[in-house]
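Let chain A serve as the given structure and place chain B on it in line with the hints.
Chain by chain, the residues run as shown.
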Amino acid sequence: MTASKDSENFDVIIVGAGPAGSAAALVTARAGLKVLLIERGEYPGAKNVSGAVFYGSAILEKLIPNWWEDAPVERHVTRRDLVLLSPTTSISLDFRSSSAGYVEPPYNGFTILRPKFDRWFAEQAEAAGAFLLCSTVVDDVIREDGQVVGVKVRRDEGEIRGDVVIACDGVNSWLARKAGMQRDLHTHELSLGVKEVIGLDEAAIRERFQLSGDEGMALEYVGAVTGNVHGGAFLYTNKNSLSLGVLGQLSSLVEQKTRPYDLLEGFKSHPAIAPLVRGGTLREYSAHLIPEAGWYMFPQLFSDGMLVAGDAAGFCLATGLYIEGINYAMQSGLAAGQTAVEACKRREYSRYTLSLYMDVLRERHVLTDFRAYRHAPKFVNGERLQNVYPEMAARASESLFRVDGSRKQKLLPLYWRTLRQVGAKPHHVVQDLFQVARAYLW
Amino acid sequence: MRIAVCLARLPDPETVSVDPITGGVDFSRTLHILNPADACALELALQLRGPGDSIAALTVGPPEADGVLRDALAVGADEVLRLWDEGSASTRPAVTARLLAAALAMDGVPDLVLCGSRSLAGGSGEVPALLAEYLGWPVVTDVLAFDVQAARVQVQRRLARGARSEGDVVLPAVLAVEPGTAALRYAGLPGVMAAKRAAIPVRHLPDLGLSSMDLRFPSATVQAAMPPYPRPREIFIPDSALSPEERAVQILSAGMTHKAGRVIDGTPEEMADAILDFLDENGFMESAA
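Chain order of the listed sequences is A and B. Heads up: the first sequence begins at 101 in the working numbering, then just goes up one per residue. Heads up: the second sequence begins at 8 in the working numbering, then just goes up one per residue.
In short, the hints are calculated from the structure, not lab data. Backbone N, C-alpha and C fix where the C-beta goes; we use that ideal spot for every residue, glycine too. Treat the hints with care, since some could be wrong.
[Claimed, not checked] For lysine-lysine, the following DSSO-like pairs were computed, each having C-alpha atoms within a straight-line distance of at most 27 Å: (1) K278(A) with K252(A); (2) K357(A) with K339(A); (3) K203(B) with K134(A); (4) K203(B) with K216(A); (5) K147(A) with K203(B); (6) K368(A) with K147(A); (7) K445(A) with K252(A); (8) K203(B) with K510(A); (9) K357(A) with K368(A).
[As the list claims (entries may be wrong)] Label-pair ranges, simulated between beta-carbon atoms: (10) M113(B) with Q247(A): 46 to 56 Å; (11) D256(A) with T22(B): 24 to 34 Å; (12) R192(B) with D170(A): 31 to 41 Å; (13) S192(A) with T22(B): 53 to 63 Å; (14) S24(B) with F501(A): 35 to 45 Å; (15) P237(B) with S192(A): 56 to 66 Å; (16) R359(A) with T22(B): 25 to 35 Å; (17) Q247(A) with Q161(B): 50 to 60 Å; (18) E169(A) with R192(B): 35 to 45 Å; (19) E365(A) with T29(B): 25 to 35 Å; (20) K445(A) with D33(B): 45 to 55 Å; (21) R192(B) with Q247(A): 49 to 59 Å; (22) N328(A) with P235(B): 56 to 66 Å.
Bound conformation, chain B alone:
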């Protein structure tokens, strides 16, 4: 199996100081690191690699970004590639995804692409989805764990409030891995020495068969700007029809009522009717009518 891992080099947020008054950003002490989520993706790829499998690490960035590729080589990536458009020097998600897609399509498409789910810098999490779009592949975001079985991948996703969902997807696919799922291994000495000496191949736009026109995505246009409007807070008023005792209970519970489910019994037709009635009563059926 051929696995591709997309890596990003970013400023370490701990070394970026923001002036609390002016909001000015001081990059003079900034160090750069491999995006933590990408490091997880790389580690998962290394764990997945069996005999005959290969791992390619890619990044989009200026020559300084070679560092993250060297890190990948040191821990055992088989090949690396840096992509860059000197002209635009942009790392907007759409541009990054376009360059990655072009490079992946050129070198014989991999079976699985692993990305970090979002970067510490921009944090939009758009790259994996856009990349999948350009490749015409499925994408699974917020991946916590996965298991490759023949041509399918079993995936566990992170949902809000600690919930999880599971599903599977057909290869080839793009998986966006959550940070914190795996700790990148510590490279051995021979690996580090070899990585330091390695020449990092780089491809620019013409090498990828792209022109600068391909990267001209409409930038976001501001249609209107509105101040944040506070949502009115409803003040709870107890039901005056109730007895004082019941009202006191209502006030003490601050109007909170537990969600009560209702279980319907009966024949399938009766149950369907009951559901329809419920939806109708609660105003869910208006548009359908």
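One chain only, chain A, in its complex shape:
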């Protein structure tokens, strides 16, 4: 292609206006670069689905001071529950805090509705000078001598040239695959999340979840909720609605021949969940893939003229303790943006210059976090943790708290017996204890 008019040459082209893309657009536009942000939805956020709790408040605070005053946030999270479920019983680890880190600005996390939040965030990038182009699908990259020099969009005369292309086009990242930077993903690396937003009165939410004011709660579930499918579930409180959903590992959904919406129905009718959602009205239904394998599914993060960030790079930390993606997406978007700014300053766009991206990702604790928890996803999606231990904990508690006139057992024999009942072998337990320790302790 011959060089087109000057107006169609950009310094940075960012594909996908989610948290990663908009963050990258924000920093590059603020640095005075000519930035194009391309979104396939009618508006940023139209296609985006996640829980969602946004734990990146402190990150965003550095970019936009007091951002929560202006942004469409729902509630700040002061309560978190990790719940183990058996078909009849639930045991939870309940965390709530009124310490400054949780109840005072910049807060720890906010529940958000992605269509609203992503739209707002992209507007900030636009206000900084980025050029936002919606309803436009990017089909391919343009290459010259192995160097990525632009993108091809699905419109007439749809070639746009840019010095750096940042792919933030989500979990499937067709762009990274077209550019040969990501392989086809395996089904065990992906989870399918199905989610509903259920409208509920504000007062009812406060009462049911024991919240005051704008406090919010995030509940995460493992165990019987997904049957034999490996996965989990979540329930987050918004201002006047609840976001709840079920995640199921793709490979085990296929193996078990389970339909994801059956899981969601099962979750909603579980005795621990049903009273929380009772009387609500369905507002939205959506589904999305989640990259869960973390460290082991990272693509090549940089190449000549191109960077990959956000879900496209697999930056979603699913460890059981944490299910965080938006903050890492944002961090990686910022890192990619910073790298692009540096490359444009030097006017060098080769992979050697762009390898700076890795350093910035480490500085921003993205790579370090994923490396630290690299063993966790595999362990979390393991058969015993998914199905055996929640069941065991639930059964043990059932007998622990049951008073029926028989002899009280001390804890160790009680747990030992339950362990044998659910069919776990002692050497498995030792193995798993080691796995836990390796995944979480050191």
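Chain B in isolation, oriented as in the chain A frame:
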């Protein structure tokens, strides 16, 4: 030829939720779109445009309505104009039509004005007719297709139950196009980029030579409110003078008789008399007498 297309920006009905009990409308998730009928009008204008022709797209609305004009620019409209009265901020059909008429009269009158036949929002379909009234032009509503020949337009209109009627009208005229007649084309990349960067001209009341008094139309006054009165349903009673067999047939057909035409033969005078007799018999001639 100069063509003007009137566009409206509306809330997408699919994104407006209505509480089934209170009837309250929740606009918090609402997105706005270009009225589908207007999109058809725009596409037909684009198809009609030959060398030397120009298309102007107009809308009445707040600054957010610039979006539909950008859409029009992206697919190839030559010029755009937004009209708005900050004071009244009303999109009542009469106000909209008045503003459009004033703007069209100012910029050298176009040869043809295309509108959507009705909006998805109000749906009264009044704007094209009122606009034609203010311009002093003919209007054709419910247009399915048209063909411009020199200073006339051949028009096909939609009637009830799938019927069509055809006719022609002298230019300049206002045509109100039915939705679904054409799909708006997908804009090319350069068009979209240019449209995004374009500055959208806007005219307010003083620019149009209007004052707020010109827009003070009497609002509808309720004279009386009556509950809907169910139309009495006639129960069919068979004619007792007929034979049982014929009555049974009448009952089985539930009183339905096919409309039977009668063909009259004779000289023109006889035929005219027969028609008059028929009208007289059936009570159509009473007022004339």
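The hints, checked one at a time:
no., hint, in the structure
1, K278(A) with K252(A), "11 Å, holds"
2, K357(A) with K339(A), "36 Å, violated"
3, K203(B) with K134(A), "15 Å, holds"
4, K203(B) with K216(A), "22 Å, holds"
5, K147(A) with K203(B), "21 Å, holds"
6, K368(A) with K147(A), "24 Å, holds"
7, K445(A) with K252(A), "25 Å, holds"
8, K203(B) with K510(A), "72 Å, violated"
9, K357(A) with K368(A), "20 Å, holds"
10, M113(B) with Q247(A): 46 to 56 Å, "53 Å, holds"
11, D256(A) with T22(B): 24 to 34 Å, "29 Å, holds"
12, R192(B) with D170(A): 31 to 41 Å, "38 Å, holds"
13, S192(A) with T22(B): 53 to 63 Å, "37 Å, violated"
14, S24(B) with F501(A): 35 to 45 Å, "44 Å, holds"
15, P237(B) with S192(A): 56 to 66 Å, "59 Å, holds"
16, R359(A) with T22(B): 25 to 35 Å, "28 Å, holds"
17, Q247(A) with Q161(B): 50 to 60 Å, "57 Å, holds"
18, E169(A) with R192(B): 35 to 45 Å, "42 Å, holds"
19, E365(A) with T29(B): 25 to 35 Å, "28 Å, holds"
20, K445(A) with D33(B): 45 to 55 Å, "48 Å, holds"
21, R192(B) with Q247(A): 49 to 59 Å, "34 Å, violated"
22, N328(A) with P235(B): 56 to 66 Å, "58 Å, holds"
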